[in-house]
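Peer 1: Same order as they appear, the protein sequences are chains A and B. Sequence positions in the first sequence follow the working numbering and run 36 to 343. Sequence positions in the second sequence follow the working numbering and run 479 to 794.
Just so you know, these hints were derived from the structure itself, not from any lab. This structure is a prediction, so every number in the text was calculated from the model and none was measured. Fair warning: there could be bad hints in the mix.
Claimed, not checked - Derived coverage of chain A by chain B (criterion: at least 3 residues anywhere in the stretch with Cβ under 8 Å from a Cβ of chain B; other residues may be distant):
(1) 180-192
(2) 267-278
(3) 311-322
Said to hold, decoys possible - A few chain B residues facing chain A, derived, Cβ under 8 Å:
(4) L609
(5) P621
(6) F623
(7) L752
Stated by the list, open to error - The following label-pair restraints were derived from C-beta to C-beta distances:
(8) B:A680 / A:Q63: 21 to 31 Å
(9) A:I84 / B:P523: 25 to 35 Å
(10) B:V635 / A:Q221: 53 to 63 Å
Even glycine gets a Cβ: it sits at the ideal position worked out from N, Cα and C.
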Amino acid sequence: MAIPKNFSEDIPALETQRSVIRVPWLTQILKAFRQDPRWWFAIVLLVFILAAIFAPFISPYPPLQYHPSVATQGPSAAHLLGTDALGRDQLSRIIYGARLSLSVGVATILLGSLCGIVLGIMAAYFKGWVDQLVTMFIDAILSFPGILLALAIAAALGPSIINLVIALAVGRIPLYARIARGQALQAATFDYVTAASVCGTPTWKILFRHILPNIFSPLLVQATLSISFAILDESALSFLGLGAQPPTPEWGSMINDAQTYLNTDPWMLLAPALAIVIVVLSLNLLGDAVRDRLDPRDQARVTGAIQK
Amino acid sequence: MTRYAARRIFFIIPVALFVCFITFMIIHLVPGDPATVLLGEEATPQNVAALRHQLGLDQPLPTQFTLWFWQTLHGNLGQSIQLQQPVLQAIFQRLPVTAELGFASLIYSLILAIPLGIYSATHRNSWVDWLVNVISLLFTSIPGFILGLLLILFLAVNIRIFPPGGYVPLSEDPSGNLRDLILPMFTLGTGAVAVNLRQIRANMIEALNQDYVRTARAKGMPENNVAYVHALRNAILPVLTIVGLQVGAILGGAVITETIFLWPGVGQLAVQSLLSKDYPVVQGVVLLSALSYMGANLLVDIGYVILDPRIRFDKE
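Generate coordinates for the entire structure from the input sequences, incorporating the hints supplied.
Peer 2: Have a look at this one:
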């Protein structure tokens, strides 16, 4: 069909539209940065993540190398963040510590959420005594205050990083189990699930292919929010001596070492403390921003913006 | 209402059993043989066997649990290996210290959070509101042990206002006791302040948007009365639930705070026994903490029913 001669008069908007968005995702990102200043903390976090990945290349000294002669010094030209009790460079230890903290945080959440999601889905789908048992289990774990359960488990298993992850993950299970259970209960009422079971689809297939993808979104939001608390708890446990053992550089145990030197070398405390606070703060703010963005109630606003 | 309370207590019993079971299993998480771990590598086989018998580990698992559970019901939580005294006695000796710290922190957090939360809700977008938001965000990102050490650094080491640690019983030296209390109380309570603040502010804002507030204002009620008489009463109730949760956070946080400030409380006992592998004490502390937490939340639930007539009449 030929384009009518008065095409441009009929649709003036086409002609006046000058902005040609070639990179829509980049514009979305820049827009997000402008609208919500919390997204700037993604850059802060990115710095830490990159530092953790490229630790061997960017840390000025090997983290385990010690020179007793330069012990407990404040920041200087040679050691930007000072040295610790054995003369090890704080900056290098903080960079390597980022590896540990970030990976333990993510691993904890992965393990906890996986176990929790499995439990929650099973409880929702099978109902009956399975549901009762899982709910009782969730309530029981939630009855243990704070980090006590993680402390006890970590202490019993023995101080090591893997045991730390396991101990912390156990405490995360109830949250994900509850969310997964609630979402799965909703998803199980959908018609295609009933249809699938009528057709004879094996149960595990229903769970994996039908229910799981639909409950994914709120779980993902919750997981990103939880990483910061995982890092908090992990540094607390390491501070108490359960977790990474010396001489492995870890922020919590670095703070523990700094306790005796508070009046002589406060930077021993301040450097890892600032690292923890900055990372956790960034994660909290980012998590809030992510949640606000992915909140289903705001979907109308988001889709409306895209259509413009 | 008593029917509701009775039902709640009844349903908590299976959860409490589960809690006991989980606590019991802690000692069995130890890779290898707990007795060998406790006594070290050089222990003679006779010593190991004796300790195993003392801990009851030489019996089959269901027997162990039944025995342990039966003893626990009778108040016998076992014998501490390191301290050579009954676990329950060791805990009770230290309970007053932790109780003082816990109560002080809870009260401090509420005293700070409630007025600030109300003011922040009634004066939205003022600089106070902004400051409150920033502070609550900041304090949820600072772990307790860092806050405690920072307080020690700035207030006890650089400027010697408060002592950096230590504890004097109230009966011996009241003023010394209170001075020792300040820094730990701030450390433990400030995290709770942030959470409570957010909650109260959110609740007040929601309450102030309700229709009955609009009606009250339309009737010509002074704004002060609107806030304190109508909105506050409805906003304060969910705070009760949060306070129940705070008890758990404080029980957990006390462990770190007591370790930093060298307070001889249950938390420090927990850490010491954890590091020295004194498993009976660990189990005792964990069990009692969990049961206390459950008890506190139960009281909160029942209190909720008492304070909110709507729930009462809905249930009955």
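Peer 1: Taking the hints in turn, state whether each one holds.
Peer 2: Going down the list of hints, with the structure as the test:
no. : hint                        : in the structure
1   : 180-192                     : holds (count 11)
2   : 267-278                     : holds (count 7)
3   : 311-322                     : holds (count 6)
4   : L609                        : violated, 16 Å
5   : P621                        : holds, 5 Å
6   : F623                        : holds, 5 Å
7   : L752                        : holds, 4 Å
8   : B:A680 / A:Q63: 21 to 31 Å  : holds, 30 Å
9   : A:I84 / B:P523: 25 to 35 Å  : violated, 51 Å
10  : B:V635 / A:Q221: 53 to 63 Å : holds, 55 Å
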